[in-house]
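Colleague: Going down the list, the protein sequences come from chains A and B.
Just so we're aligned, residue -11 is where the first sequence starts under the working numbering, counting upward by one.
Just so we're aligned, residue 445 is where the second sequence starts under the working numbering, counting upward by one.
Derived by calculation from the structure, the hints in this document are not laboratory data.
Note that CB positions come from ideal geometry on N, CA and C, so glycine has one too.
Mixed in with the good hints, there may be bad ones.
What the hints assert, rightly or not - Restraint ranges, calculated between C-beta atoms of paired labels, are given here:
(1) B:N630 <-> A:D27: 24 to 32 Å
(2) B:E628 <-> A:R39: 23 to 31 Å
(3) A:A51 <-> B:D458: 33 to 41 Å
Listed here are the chains, written in short residue letters.
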Amino acid sequence: MTEDQRITRVLACCGKAPRSAWALDDAEKAAVAALCGDDGLLVAGGQEAFRLLMVEHYERRKATSEELETPVVGTGVDHPFVATEIELTPAWSEDDEADYLKESE
Amino acid sequence: MGKQYTLGCVSLYDGASAATHISASSISIDANTQVSGNESGSFYEEFQSVVQFDPTVSFTSKCVGELLSWIGLAGQCVGSAFDVTRFDVITRQIADCQNALSGTPHIRDRFDDGLLTLGSLGADRQGDAALTVMFDAITDGTNAPITRTDGVALPSPVLAQRYALGLPAFGGTTFPDTENWSLEFNISKTEKSPSLGSIWTDSIGVLTVRPVLTIRNRDISKLTNALLTAASDSASHADTKLQLIARENAGSFQDFGDSVHIGITIAGLLTPQNIVNAASNQRATNELRIAASYDGTNAPILFDLSSTYDTTPP
């Protein structure tokens, strides 16, 4: 099996989809691939080893990617749902309401 | 003149914000809006409030391989910090007469946060395999869980895949007379309740995964006396395998030797459910079931999405 095939097998054995490997760096790929036995199943202790690798992986991405720390907010909202107003109304003061209506115009 | 719409597609965005557009055979978005009343003794309701707005999506698609490359057995979180960053549902506006509309008259419902989970996967001898996927939308803490944009173009290209029922093996025995099988993933999730001061849910998580495979089989002799006596048999990833054969556009099947087919192995307990079901003028069948379980190392169900087709499984 190639390294990519081993990684895919490990991900499946851990309940994850193949695309979850997209952001692994070379060292992480090698470490994940090493958890795959020749039968295509995890080596003993593979689940826990994979979990620890993923914890480190996400920590690395958080430390190096602004994207992970900045929530993606929906764009192009032409028609906000009515529920938005229903939810906000009780908590707003009259001044807030006036500001909101002014911004909406 | 009014506007009318029909089925479009779904789109999934990867970590680089690149979208893959996937065809679906049915899509439903439920608002799950809850309204509570005052529960007083008054003759008519006198005080109503919306207490929960909790959109969920359910869709069925024949693009089994593509969807399983995005969503694992344990589900897939959607959000800026995850491997799937966004989920869209496109609804196509119908033309006034016979032609599909060009331009941007279509509707996009966008979800930036939530959880994708597998619902069921089924394959039938006569038809194509179909996968049902569930999506639970949540808020990011500020924005509504769904944003609708009326006026988008149809995505392109939209991926289409079709898979046919392949030869399966259960407990080391091939079942060439399989009529159909259905895999229910039975994923239970945390109860959704609005965050404080909101009508939107702000968290969702997988609690348990309890997949069950049901096999309907024409060859009732496969259910042996030994299996009936024991009432069960073990199934492992080494001896139990489902296969889906990739169909070819403008052909029949893709080459069996190409790594484009799907192999699914299961560990668990094989049990008979229906021993014989026979009726006049009909082929008799029986039904077996495998309740999948953790073998101590591997997930209960393993998907191999780049498998060759094995004519002698397992």
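Colleague: Could you run down the list of hints and mark each one as holding or not?
Modeller: Consistency of the hints with the structure:
1. One distance hint, 24 to 32 Å for the beta-carbon pair B:N630 and A:D27, holds here, with the actual separation near 27 Å.
2. Checked against the given bound of 23 to 31 Å, the beta carbons of B:E628 and A:R39, roughly 26 Å apart, stay inside it.
3. Between A:A51 and B:D458 the C-beta distance comes to about 21 Å, which lies outside the given range of 33 to 41 Å.
Checked against the numbered hints listed earlier, the structure breaks hint 3 alone; every other hint is satisfied.
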